[in-house]
Amino acid sequence: MFAAQRLEKIKEILLEKKQIDVVTLSSILDVSEVTVRRDLEKLEGQGFLTKTHGGAILKESDANPPQQEDDPLKEEREQIGIIASHMVDDNEAILLGSGSLCLEIAKNLKDKNNLTVVTIDLNIAIELADCVNINIIIPGGYLIGSSLSLYGDLTEKFLSDMFVNKAFIEVDGISEDRGYTINNAQQASVAKAMMKITKEVIIVADYTKFGKIAFNQIGLIHNAGKVITNDKVPIEFKKYFFDEEIPIFTTYQL
Amino acid sequence: MDQVILELKNVCKQFTNAAALSNVSLILKRGEIHALLGENGAGKTTLMKVLTGAVPMDSGEIYIDGKRVTISSPADAQKLGISMVYQDFALFPHLTVAENIFIGNKPMIKGSADLINWRALFCKAEALLEQLGFPIDPRTIVRDLNMPKRQMVEIARALAQHPRILIMDEPTSALAEQEIIQLFSVLKNIVSQRGASIIYVTHRLEEIWMIADSVSVMRDGTLISTAAVDATDPDSLIFQMIGKDVKDKYPKLPIKKGTEVFRVKDLSVKDQLNNISFVLHEGEILGIAGFLGSGRSTLAKALFGAESISTGEIFIDQQKVQISSPKEAIENGIALLSEDRLEQGLFPYMSISANMVAANLRQFTKDLMINKHKEDKLANMYIKKLGIKTPKSQEAVSKLSSGNQQKVLIAKWMLAKARVFILDEPTRGLDIGSKVEVYNLMNELARSGSGIIMISSELPELLGMCDRLLVLHKGRIAKELLRHEASQELVFRYASGK
Numbered sequence: 001m002f003a004a005q006r007l008e009k010i011k012e013i014l015l016e017k018k019q020i021d022v023v024t025l026s027s028i029l030d031v032s033e034v035t036v037r038r039d040l041e042k043l044e045g046q047g048f049l050t051k052t053h054g055g056a057i058l059k060e061s062d063a064n065p066p067q068q069e070d071d072p073l074k075e076e077r078e079q080i081g082i083i084a085s086h087m088v089d090d091n092e093a094i095l096l097g098s099g100s101l102c103l104e105i106a107k108n109l110k111d112k113n114n115l116t117v118v119t120i121d122l123n124i125a126i127e128l129a130d131c132v133n134i135n136i137i138i139p140g141g142y143l144i145g146s147s148l149s150l151y152g153d154l155t156e157k158f159l160s161d162m163f164v165n166k167a168f169i170e171v172d173g174i175s176e177d178r179g180y181t182i183n184n185a186q187q188a189s190v191a192k193a194m195m196k197i198t199k200e201v202i203i204v205a206d207y208t209k210f211g212k213i214a215f216n217q218i219g220l221i222h223n224a225g226k227v228i229t230n231d232k233v234p235i236e237f238k239k240y241f242f243d244e245e246i247p248i249f250t251t252y253q254l
Numbered sequence: 001m002d003q004v005i006l007e008l009k010n011v012c013k014q015f016t017n018a019a020a021l022s023n024v025s026l027i028l029k030r031g032e033i034h035a036l037l038g039e040n041g042a043g044k045t046t047l048m049k050v051l052t053g054a055v056p057m058d059s060g061e062i063y064i065d066g067k068r069v070t071i072s073s074p075a076d077a078q079k080l081g082i083s084m085v086y087q088d089f090a091l092f093p094h095l096t097v098a099e100n101i102f103i104g105n106k107p108m109i110k111g112s113a114d115l116i117n118w119r120a121l122f123c124k125a126e127a128l129l130e131q132l133g134f135p136i137d138p139r140t141i142v143r144d145l146n147m148p149k150r151q152m153v154e155i156a157r158a159l160a161q162h163p164r165i166l167i168m169d170e171p172t173s174a175l176a177e178q179e180i181i182q183l184f185s186v187l188k189n190i191v192s193q194r195g196a197s198i199i200y201v202t203h204r205l206e207e208i209w210m211i212a213d214s215v216s217v218m219r220d221g222t223l224i225s226t227a228a229v230d231a232t233d234p235d236s237l238i239f240q241m242i243g244k245d246v247k248d249k250y251p252k253l254p255i256k257k258g259t260e261v262f263r264v265k266d267l268s269v270k271d272q273l274n275n276i277s278f279v280l281h282e283g284e285i286l287g288i289a290g291f292l293g294s295g296r297s298t299l300a301k302a303l304f305g306a307e308s309i310s311t312g313e314i315f316i317d318q319q320k321v322q323i324s325s326p327k328e329a330i331e332n333g334i335a336l337l338s339e340d341r342l343e344q345g346l347f348p349y350m351s352i353s354a355n356m357v358a359a360n361l362r363q364f365t366k367d368l369m370i371n372k373h374k375e376d377k378l379a380n381m382y383i384k385k386l387g388i389k390t391p392k393s394q395e396a397v398s399k400l401s402s403g404n405q406q407k408v409l410i411a412k413w414m415l416a417k418a419r420v421f422i423l424d425e426p427t428r429g430l431d432i433g434s435k436v437e438v439y440n441l442m443n444e445l446a447r448s449g450s451g452i453i454m455i456s457s458e459l460p461e462l463l464g465m466c467d468r469l470l471v472l473h474k475g476r477i478a479k480e481l482l483r484h485e486a487s488q489e490l491v492f493r494y495a496s497g498k
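Top to bottom, those sequences are chains A and B. In this text, residue positions in the first sequence follow this note's numbering: the first is 1, and each later residue adds one. In this text, residue positions in the second sequence follow this note's numbering: the first is 1, and each later residue adds one.
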């Protein structure tokens, strides 16, 4: 487990239990007590907790987790990230497109071994930056400032020299007639380039994207090997993809 | 042409859900036993239902003795001399054998419309049973008979109508070997003594050489081929029966196998299962394949304590446990989603919430009263989690779609903290969209650390969803196949004892 993850975990535990001792933490997290103490120090610095003799207690003012941005689909997105991570094996090379769903996937890849991740989304690169077991490759190109993603001839040319096992691509629209579509023309162009250099295309989209058509088409329904979405997707689409022999994965939070 | 008794030409039938028929043409000769072979859902039963008037065809022609006929009701079929012995016996259990045999045409006392001539009834039944060589007293009440004898009554009933064409739908699935041999000699007698023709519907390859003169193969609603039995061989029949392997369309999520959660050692059930041993891990989906009557459903019941076992041991988390009743199974975290949801799994007229807590009442009761508030709260949580489509948790389960009923069952077992899920035909009767939902639910159960035993007669779905397959044949494990090794053809071979 990595430092950032560990800190999150400690926060979680403290939020639930209000107080905890170093010995228990070290056994839960499977790290030495010294490491735990160092982590607690960091969190104390952040004002999250107060260190005590042999443990820590939660600072009650911080008892509520930091307010998330108002994202009604937060849970759905997180689930898609988890499901996608099951499809990635150790020692593979994968491509992650840009967008919040691809970032969710990245968050769940940290335990993989010897993984190569090619990504055009700088947020993803940063997310994975401290994972020594993951090789990150970022192409050159122009930057879309608002989303920190790369596009343009340079990006596409760079990608054309590679080949990966799987490409995860997030789309804005999925429909029977128009296939997979993306709003931004520049991102759509990169997505098409990504689809050419992978053995398997895995489309990710939350359930609200089904039945919608965005401006730029990146591929027909059959250009995807798998689709990952949520259970709330209309049942007609579940049937449609099955009939078209494309596995559709829907998530449940059991 | 007088050799041909029945001819079907270009029979078509469209369904929204069930197996359809497209341009099926079939010729049945006088005095022959014609096997109709095909996998589940190939359209065999639908075709036979067209022939018996139970299902109207959309287009096509039927000829009997060269004359075009219309069969629009079971009565039409009966008049034309077509009778069928159904797969699931359709007898009246509380009536006597004789009444069942002559159910539609009981001999009456002369001059009376509603007084049965019992003496004549028993006499006629006795004569018929004797002629067929069935050792059954016509005065016996049907529910007191065992399976093979009930089937004999079914056959006698079909023959009492003096059919010229007898249809047998998978007649051997409930029978033991000795009884099968007996049945076959009866069928051969019917053909030789009465000059009837028989259409013998089956998916048991080995029986074809024992009983049939010719064989037709159906697949995906079309008739693939017809041949004389002597002119064909098992390999080419298997090849014709199975379609292409389509494992890859199933949403099977790769999940890392955890520790052993369930183990069965040398489990036997008298006359039905023999020395079954296997291991199940957390996150694993283990498939049980086998034909009807191979013991696959008996196994499900035995593991759940609903069938008494003669020998065998069961281990949960490597600890030996005693499971001799469903109660003990539930206490040990074993869940069974039975084949027949409405009859065995759910209380159809009770609410969703009441059904969900049914396996776990203790958690919701205080002083013998059910805590309705707590029940509702949890029910609503699971309705949301599993995406059950219903306006409220108090809705009766019978009002839900089959897919949503299945989800209620899964919620019930999750509430009971089950870790071993035995799913017996989990997608039977579901539309495709709901099937996809069940597959994804299985992924999630596996992901949460449960082990799943999946029993299904739909081979593609087993191949598509399971990490490992056990193929049953006559109550034994004929073969264990890993996901990447398994194919429809291989499973089929082992299931037919090859």
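One thing to keep in mind: the hints can contain errors.
What the hints assert, rightly or not - Computed list of lysine to aspartate or glutamate pairs in EDC-like fashion (alpha-carbon distance at most 20 Å, straight line): (1) B:256 - A:161; (2) B:257 - A:161; (3) B:474 - B:266; (4) A:239 - B:266; (5) B:389 - A:76; (6) A:166 - B:266; (7) B:385 - A:161; (8) A:239 - B:458; (9) B:257 - A:90; (10) A:196 - A:161; (11) B:249 - A:78.
Please keep in mind that the hints were generated in silico from the structure rather than gathered at the bench.
For each hint, the structure was consulted:
no.	hint	verdict
1	B:256 - A:161	violated, 33 Å
2	B:257 - A:161	violated, 36 Å
3	B:474 - B:266	holds, 15 Å
4	A:239 - B:266	violated, 41 Å
5	B:389 - A:76	holds, 18 Å
6	A:166 - B:266	violated, 43 Å
7	B:385 - A:161	violated, 44 Å
8	A:239 - B:458	holds, 17 Å
9	B:257 - A:90	holds, 15 Å
10	A:196 - A:161	holds, 11 Å
11	B:249 - A:78	violated, 24 Å
Violation of the numbered hints given earlier is confined to hints 1, 2, 4, 6, 7, 11; the remaining hints are satisfied by the structure.
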